[in-house]
Amino acid sequence: MSPADNPQLSEYRRREQSITLSPLETTGEDSHDELLTLNFGPHHPATHGVLRLLVTLQGEVVRDIKPIVGYVHTGIEKTAEDKAYWKVIPVVERMDYLSYYFNAMAYCGAVETLAGVEVPKRAQYLRVIHLELNRIASHLIWLGTSVLDLGATSIFLYCLRERELILDLFEMSSGARMHTRYFQVGGVIEDIPAGFEPKLREFLKIMPKRADEYGAILNSNEIVLQRLRGVCPLDAETLLGLGVTGPLLRAAGNPWDLRKADPYSSYGDFQFKIPVGTVGDNYDRFAVRLAEIYESVKIIEQALDGLPEGPHITEDRKIALPPRHELATSMEALIHHFKLVTEGFRVPPGEVYYPIESPRGELGCFVRADGSSKPSRVHMRDPSFVNLQALRHMAEGSYIADMIATLAMLDPILGGIDR
Amino acid sequence: MPDATGLELLAHDLGEAALEAVHYRGQATIVVDPAHIRTVLQTLRERGFGFLASVHGVDYYPEEPRLGVVYELLDMSRVDRIAVKARVPVDAPVIDSVTPEWPTADHQEREVYDMFGVVFRGHPDLRRILMPEDYEGHPQRRDFPIGGEPVIFTRDEGRWLEARE
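Chains S and R, in that order, give the protein sequences. Per the working numbering, residue 1 is the first one in the first sequence, and the count goes up by one each step. Per the working numbering, residue 1 is the first one in the second sequence, and the count goes up by one each step.
Hints in this document: simulated from the structure, not taken from any laboratory. Take the hints with a grain of salt, since some may be wrong.
[Unchecked claim] Here chain R is said to cover these stretches of chain S; the calculated rule only asks that three of the stretch's residues, wherever they fall, bring their Cβ under 8 Å from a Cβ of chain R:
id	segment
1	70 to 80
2	343 to 355
3	380 to 390
By construction, the Cβ of each residue, glycine as well, lies at the ideal position given by its N, Cα and C atoms.
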């Protein structure tokens, strides 16, 4: 007689005894080979935005990934066609919302090439300072959220602490912390204010020390190392075929960096190294980005030391607004101001593709001008959009938990993917 | 960028596939016959342009052939770029897909299809990518109006669906 049928036991005891802890009956030998399709996202903290993945699982092993994007598609490229050239800058900045200076740089660079505008040296240096600050801020968010996926909460708070310093600097130079509209066609909107330089120097002193601390915490953490080392590697050849650029490609050992290969905005003036990885696993992706923070600090230091005197925006009044004080005294300045604000400037017809190195890879801006004061086509080749295709190749055959880590190390920004 | 002479030579080597070579603001563009797009890209790959940086669409409304597909190629060893452009008419917007040779074109061709309605023959999975699956029209075309998109709230979803039918 089984205990469950024993009438001497109370009802509760009998029910308790009826529970067997033997494993559930399986459907046969191949039950572990059964494929399961899992819908992952679009609302999930580990997708870093509103990314939806259809994951085919065999047990815990990932067999296929289909990314589904478009949940934050806002039609920015379409909106841009309806705005004067200089009014497009704030909308393109909102594409990849962590690297807004880069979006503005790619767009302004394309329009400057089309219009044949010369950017003053000081403006180029100021751009480099802000671009590299933005690169550090973007990498900080990436580092914080990625290790958050691995379970490290404190690093996230540390990273946001340092990012706050950068946002304060952005606020000083432009008045806004994000989507600053600081870059303009022909230069930057305003010169850096008094007090910006000492504050920036202070930050440059703090940042490498803090990056040392991150490295010290994470590189001596066995859990982080086991989750990253040797996980989901992909060789440079495949990455190139998939169009992957940026830290992901450099992690696989290919030192392709547009700042070195094809310098724009005076990057050729600065001494810096390109960190590269060896095998292209998740650890290399992590290490390359962490090392890039130090290089960015070096670039900013040099740009600040060598900041040339001169105008911060082109003197071409057909492109850039005249200084405020001229409006009271010069009729011509007033006319230029009126024309620029109401109609904007006209750009001769043509097409250009202007690529720059964003924190995530090659960010190219394609602009077609038709001779009017509005662009007839603005397209951003966003690195996140292209790099996302590599996720399947990286994570196939690995555990689902490693896919989460790989997605974090891929650093996709959904605002940039969906535009 | 190949200089103007180099571009002319390159266009000459492509034979009848090349329709026009444009050198503008230091950037080289070859306009090619859409029927030969795969062979053109293959030829350029043999010339060193081994990286397809970007595929994007352009609408040349009201010019004909209206729709353009631009392929931005990059030679990483010589740091050289070239754009290849193919124009297709709006009433038969079909071009061969280059995804089999260039896996990076997968999502980007889907985007061009979604936004401009260019059909890529031979693409493994040609679906909309950014717009909803049941969306009608190709919003990035120049004659597609901006704004006026109905907002479907849950409370009037039924009414909206009825109105569409």
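Hint by hint, here is what the structure shows:
no.: 1; hint: 70 to 80; verdict: holds (count 6)
no.: 2; hint: 343 to 355; verdict: holds (count 5)
no.: 3; hint: 380 to 390; verdict: holds (count 5)
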